[in-house]
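Asker: Note that the protein sequences, when read in sequence, are chains U and V.
Residues in the first sequence are numbered from 1 upward in steps of one, following this note's numbering.
Residues in the second sequence are numbered from 1 upward in steps of one, following this note's numbering.
Hint data in this document are derived by calculation from the structure and do not stem from the laboratory.
Check before you lean on any hint, since a few could be wrong.
[Said to hold, decoys possible] Label-pair restraints from in silico Cβ distances:
1) 51/V x 52/U: 43 to 51 Å
2) 52/U x 54/V: 33 to 41 Å
3) 57/V x 1/U: 17 to 25 Å
4) 71/U x 5/V: 22 to 30 Å
[To be verified] With a straight-line Cα cutoff of 30 Å, these simulated DSS-like cross-link-like pairs (lysine-lysine) come out:
5) 38/U x 78/V
6) 70/U x 78/V
7) 78/V x 24/V
8) 68/V x 24/V
9) 68/V x 16/U
[Unchecked claim] Residues on chain U that point at chain V, a partial pick, calculated with CB under 8 Å:
10) 9
11) 66
12) 91
13) 101
14) 105
All values derive from a computational prediction rather than experimental measurement.
Every residue, glycine too, gets a C-beta built ideally from N, C-alpha and C.
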Amino acid sequence: AQKVTQAQTEISVVEKEDVTLDCVYETRDTTYYLFWYKQPPSGELVFLIRRNSFDEQNEISGRYSWNFQKSTSSFNFTITASQVVDSAVYFCALIPPGNQFYFGTGTSLTVIP
Amino acid sequence: DAGVIQSPRHEVTEMGQEVTLRCKPISGHNSLFWYRQTMMRGLELLIYFNNNVPIDDSGMPEDRFSAKMPNASFSTLKIQPSEPRDSAVYFCASSLGLTPGQPYNEQFFGPGTRLTVL
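Isolated chain U (complex conformation) (with noise of 0.2 Å):
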């Protein structure tokens, strides 16, 4: 079975604080991609980042770094010294072979000023 888990529904933070977003999934499959994505609250969504199963390598951008672990099935998602723009809702995806994508329920952040 093919499954997205965002345990956290909603997070609150106080700004400068550091927030880990995880994202746990399920497949059989050995190539899949993974991705997140922020949906700000005016509701427009934005890719953040797309990783294949081969690459394990974490990945920095800026404030933003993504953990990536096979052996836990897990690809969290880190954003150092939180800023209140980052308050949005944060989706995870699954895509193994065949194309079809596995969302995650999404974790909406809270970055208090």
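Given chain U's structure and the hints, the job is docking chain V onto it.
Answerer: Using the frame of chain U, we list chain V on its own:
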């Protein structure tokens, strides 16, 4: 670049009517995706095209939904007849995909069309 353009931004229609949503991808992108977002079902990929050809439409909910991409700069998603449960925000996204089986480079999203079916 103007980004991905979707029209209309809002659509209110009555049950049974035909609805057509439109999308203009970013020039030069060869992959186009249609997504739907509802409170009940969350985010879903409906269909994606690579080089104007539908590659995977397994997410299309039923025969009332159809999507076309007659050329590289235009796509439509049609619902006929529409039903209240089709009410959702529909997003279009485009990307520069590598191959039909590997379209997943960075995706750029349009602002979405909010559809309300009464």
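Asker: It remains to establish, for every hint, whether it holds in the given structure.
Answerer: Do the hints match the structure? See the list:
1. 51/V x 52/U: 43 to 51 Å: 21 Å Cβ-Cβ, so the 43 to 51 Å window is violated.
2. 52/U x 54/V: 33 to 41 Å: Distance hint for residue 52/U, residue 54/V is violated at roughly 23 Å.
3. 57/V x 1/U: 17 to 25 Å: holds, 22 Å
4. 71/U x 5/V: 22 to 30 Å: violated, 43 Å
5. 38/U x 78/V: holds, 27 Å
6. 70/U x 78/V: Measuring from Cα to Cα gives roughly 39 Å; hence the hint is violated.
7. 78/V x 24/V: holds, 15 Å
8. 68/V x 24/V: holds, 12 Å
9. 68/V x 16/U: violated, 46 Å
10. 9: violated, 12 Å
11. 66: Violated, about 14 Å.
12. 91: holds, 6 Å
13. 101: holds, 4 Å
14. 105: holds, 6 Å
Taken one by one, the earlier hints fail for this structure at numbers 1, 2, 4, 6, 9, 10 and 11, listed in ascending order.
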